[in-house]
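There are 6 protein chains.
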Amino acid sequence: MPITVCRTEHFNAAHRLHNPAWTDERNAQVFGKCNNPNYHGHNYNLTVRLTGDVDPETGYLYDLKRLSDLIKAQVLDRYDHRNLNLDTEEFAHLNPTAENIAVVIWQRLRPHLDARLGLSVTLYETDRNFVEYYG
Amino acid sequence: MPITVCRTEHFNAAHRLHNPAWTDERNAQVFGKCNNPNYHGHNYNLTVRLTGDVDPETGYLYDLKRLSDLIKAQVLDRYDHRNLNLDTEEFAHLNPTAENIAVVIWQRLRPHLDARLGLSVTLYETDRNFVEYYG
Amino acid sequence: MPITVCRTEHFNAAHRLHNPAWTDERNAQVFGKCNNPNYHGHNYNLTVRLTGDVDPETGYLYDLKRLSDLIKAQVLDRYDHRNLNLDTEEFAHLNPTAENIAVVIWQRLRPHLDARLGLSVTLYETDRNFVEYYG
Amino acid sequence: MPITVCRTEHFNAAHRLHNPAWTDERNAQVFGKCNNPNYHGHNYNLTVRLTGDVDPETGYLYDLKRLSDLIKAQVLDRYDHRNLNLDTEEFAHLNPTAENIAVVIWQRLRPHLDARLGLSVTLYETDRNFVEYYG
Amino acid sequence: MPITVCRTEHFNAAHRLHNPAWTDERNAQVFGKCNNPNYHGHNYNLTVRLTGDVDPETGYLYDLKRLSDLIKAQVLDRYDHRNLNLDTEEFAHLNPTAENIAVVIWQRLRPHLDARLGLSVTLYETDRNFVEYYG
Amino acid sequence: MPITVCRTEHFNAAHRLHNPAWTDERNAQVFGKCNNPNYHGHNYNLTVRLTGDVDPETGYLYDLKRLSDLIKAQVLDRYDHRNLNLDTEEFAHLNPTAENIAVVIWQRLRPHLDARLGLSVTLYETDRNFVEYYG
Chain D
650 MPITVCRTEH FNAAHRLHNP AWTDERNAQV FGKCNNPNYH GHNYNLTVRL
700 TGDVDPETGY LYDLKRLSDL IKAQVLDRYD HRNLNLDTEE FAHLNPTAEN
750 IAVVIWQRLR PHLDARLGLS VTLYETDRNF VEYYG
Chain A
650 MPITVCRTEH FNAAHRLHNP AWTDERNAQV FGKCNNPNYH GHNYNLTVRL
700 TGDVDPETGY LYDLKRLSDL IKAQVLDRYD HRNLNLDTEE FAHLNPTAEN
750 IAVVIWQRLR PHLDARLGLS VTLYETDRNF VEYYG
Chain G
650 MPITVCRTEH FNAAHRLHNP AWTDERNAQV FGKCNNPNYH GHNYNLTVRL
700 TGDVDPETGY LYDLKRLSDL IKAQVLDRYD HRNLNLDTEE FAHLNPTAEN
750 IAVVIWQRLR PHLDARLGLS VTLYETDRNF VEYYG
Chain S
650 MPITVCRTEH FNAAHRLHNP AWTDERNAQV FGKCNNPNYH GHNYNLTVRL
700 TGDVDPETGY LYDLKRLSDL IKAQVLDRYD HRNLNLDTEE FAHLNPTAEN
750 IAVVIWQRLR PHLDARLGLS VTLYETDRNF VEYYG
Chain U
650 MPITVCRTEH FNAAHRLHNP AWTDERNAQV FGKCNNPNYH GHNYNLTVRL
700 TGDVDPETGY LYDLKRLSDL IKAQVLDRYD HRNLNLDTEE FAHLNPTAEN
750 IAVVIWQRLR PHLDARLGLS VTLYETDRNF VEYYG
Chain X
650 MPITVCRTEH FNAAHRLHNP AWTDERNAQV FGKCNNPNYH GHNYNLTVRL
700 TGDVDPETGY LYDLKRLSDL IKAQVLDRYD HRNLNLDTEE FAHLNPTAEN
750 IAVVIWQRLR PHLDARLGLS VTLYETDRNF VEYYG
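Respectively, the protein sequence lines represent chains D, A, G, S, U and X.
So for the first sequence, the numbering used here puts the first residue at 650; every next one is plus one.
So for the second sequence, the numbering used here puts the first residue at 650; every next one is plus one.
So for the third sequence, the numbering used here puts the first residue at 650; every next one is plus one.
So for the fourth sequence, the numbering used here puts the first residue at 650; every next one is plus one.
So for the fifth sequence, the numbering used here puts the first residue at 650; every next one is plus one.
So for the sixth sequence, the numbering used here puts the first residue at 650; every next one is plus one.
Keep in mind the hints are simulated off the structure, nothing from the lab.
The beta-carbon is built from N, C-alpha and C at its ideal position, and this holds for glycine as well.
The reader is advised that the hints may include incorrect statements.
[Claimed, not checked] Okay, the calculated bits of chain G under chain A, using three or more residues with CB under 8 Å as the criterion:
(1) 656 to 663
(2) 685 to 692
(3) 728 to 741
[Stated by the list, open to error] Cβ pair distances, simulated, as ranges:
(4) G:718 to X:722: 37 to 47 Å
(5) D:702 to X:760: 42 to 52 Å
(6) S:738 to D:651: 17 to 27 Å
(7) S:682 to G:718: 34 to 44 Å
(8) X:784 to D:784: 43 to 53 Å
(9) X:674 to A:741: 53 to 63 Å
(10) D:682 to S:670: 51 to 61 Å
(11) A:726 to G:759: 39 to 49 Å
(12) U:715 to X:760: 38 to 48 Å
(13) X:704 to S:718: 55 to 65 Å
(14) G:742 to A:669: 29 to 39 Å
(15) X:673 to S:673: 30 to 40 Å
[As the list claims (entries may be wrong)] When the alpha-carbon atoms are kept at most 30 Å apart in a straight line, the in silico DSSO-like pairs for lysine-lysine are as follows:
(16) S:682 to D:721
(17) A:721 to D:682
(18) X:682 to G:714
(19) S:682 to X:682
(20) A:682 to G:682
(21) G:721 to A:682
(22) U:721 to A:714
(23) G:714 to S:714
(24) A:714 to G:682
(25) D:714 to U:714
(26) D:714 to U:682
(27) D:721 to U:682
(28) S:682 to X:714
(29) U:682 to X:721
(30) S:721 to A:682
(31) U:721 to A:721
(32) U:714 to D:682
(33) X:682 to S:714
(34) A:721 to G:682
(35) X:714 to U:682
(36) G:721 to S:721
(37) D:721 to X:682
(38) X:682 to S:721
(39) A:714 to U:714
(40) G:714 to A:682
Whenever a hint applies, use it, and build me the whole structure from the sequences.
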């Protein structure tokens, strides 16, 4: 029977929501305060879930210390204490909404995990606003 | 690939669990302290989840500010600081258990959302007691 | 050197804010939604703090199991799943604001504790609204 | 339409991760600090989810007080304030990883619940490390 | 006997720690990742505490709805979804550390509150890093 | 005006409450489940508070990264994933109650901090049981 193991990490980043193909008026109308040209920021919480079979020798599905290290290498080292729009390639031309950040994080983690493992991510932009992506 | 966006809101309400078709003794036996004729109350936390496709122009599945406004109009304006049994039509003849409140909230939100969007709700009666409804 | 030990408990209750010496208009104006004649309710969280010296034989200032039992006997058994206005003597003629509830709880606990122990209570009406009373 | 009701309980236990078929070196390498021969411990939080149909007479899927009592009898009375490796039969020869503890808890609860009810458990070893098992 | 009432609000902002009188090397050495020239951000949680006497007519020390409105007008409307360094006068020439933000918030609130009321603020930059200021 | 900065860290440890000068019966009577000879454990959360003046050059009272490093060196490296009774000198002959652990942590941190800084610690044994020590 498959089981799921989960690890939560967090990072602090600045961002701005903006579509360069639109006028300033439309950007302000659609994105409101999130369109502030000088950026704002969040303490993002990220939960990564892996689904698969338990190894009978270890009793582990996946060592959560290894999962934490993978998230640090692939996500935190790139986004923590950064400006997502200015400091990353991923969001130079992609709007850093919670939806897009969650998808990009999933895509960054997927190649580093065995294909037999299921992967999903939950990204909390605030305690009350969050996004789940199952790939 | 579908994604899910989530918004949490809260409301404070009084309620009482009671089946008018039963004797007082049976009500007391089944519902215990929750049957108190003078009511008790909770800080309810409500998480609403929408599942669908991200709009490539906005990077949004659904603007969480709009979802917050919808929850306020359909749920909080009716239930916050109210007595569910006495102040609402929905629970005048329906026992306001967490299960029934979750189903009613789902039914109130469903007509206001595009049919292509999946909808589920989680209702926390306390931090330790909660209900999930997927429709 | 004195130390402080703390225990958190919770109870669920209905209440209404109302001053019977006032007109309905003034009550509505001052207390807003909290004046709803049919009551509303909360999951109250209560933290009780005792300050004093550690007993060198036990390493305890006060056994937190005993403190939990005392809070249950003096507070939870009276207020949990009750209507504070209708089901208690204390709030029959005293407005059950968070301030007044905290003071009443402090007064109920004080006689059961050695005079050498300092006592304070924090009462959370919601996660965002709370009251501290030091006696 | 099915609905899910959830109850969270917690217990405090000591454990050690160890595979007796391995050398001490391999155990230390795989399990790191969790292999400490003198044990360490956790405040485990456990959420149990039941899925099924609401009883129209009660408005309950399952009385959460009964679910709490069942978890206490089957899980907390066995594991709370215990050493999982030394004080239980289940983990005398099974490594008490979060994965294995979740599966064992699921197996202990399953026979006590009607076959029409779906059952899943989430076990939090810490706020950041947790496991979900659906059977 | 005095009592304390508390209200928590939150805002999301970008900032950068930097002393313009120093070289880039010294700024990087002292402020580390927080010195990123493109800014990073946080979900700030702010708890405001008022201490004084309960009004016997209302049972309130201070209406928490009014306190919430005051915090919104003096703090959230200025800082929420803003860049503290670029979008505010206060931090144009003052390093927006948690310490300085807490002091500035205290100074902004103080003139709007009766001198008989004690005032303190707690500012959470993250769940694990926070600052308390009593004036 | 003095200000207070706070940092929270956590560690996972096993312990047992026991007074070797007492009979087994008295130990069982006083310490109940906490006296289990095979130990149990907790996820301890520790908040360390420093009080003093803000350095006008940095805007810091104390760099919270340095405070985190100090707590790791003096507390977590000694207690995390350890058995407090068996793996530490401090609790070889001192009962590891929350009170005593908090005092010992305070004493371990005090010599590493400038005498002008005030120091207090809060130790959470569980979410509901915690201890504050001001020295």
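- prompt: Where does the structure disagree with the numbered hints, that is, which hint numbers, in rising order?
  reply: 25, 37
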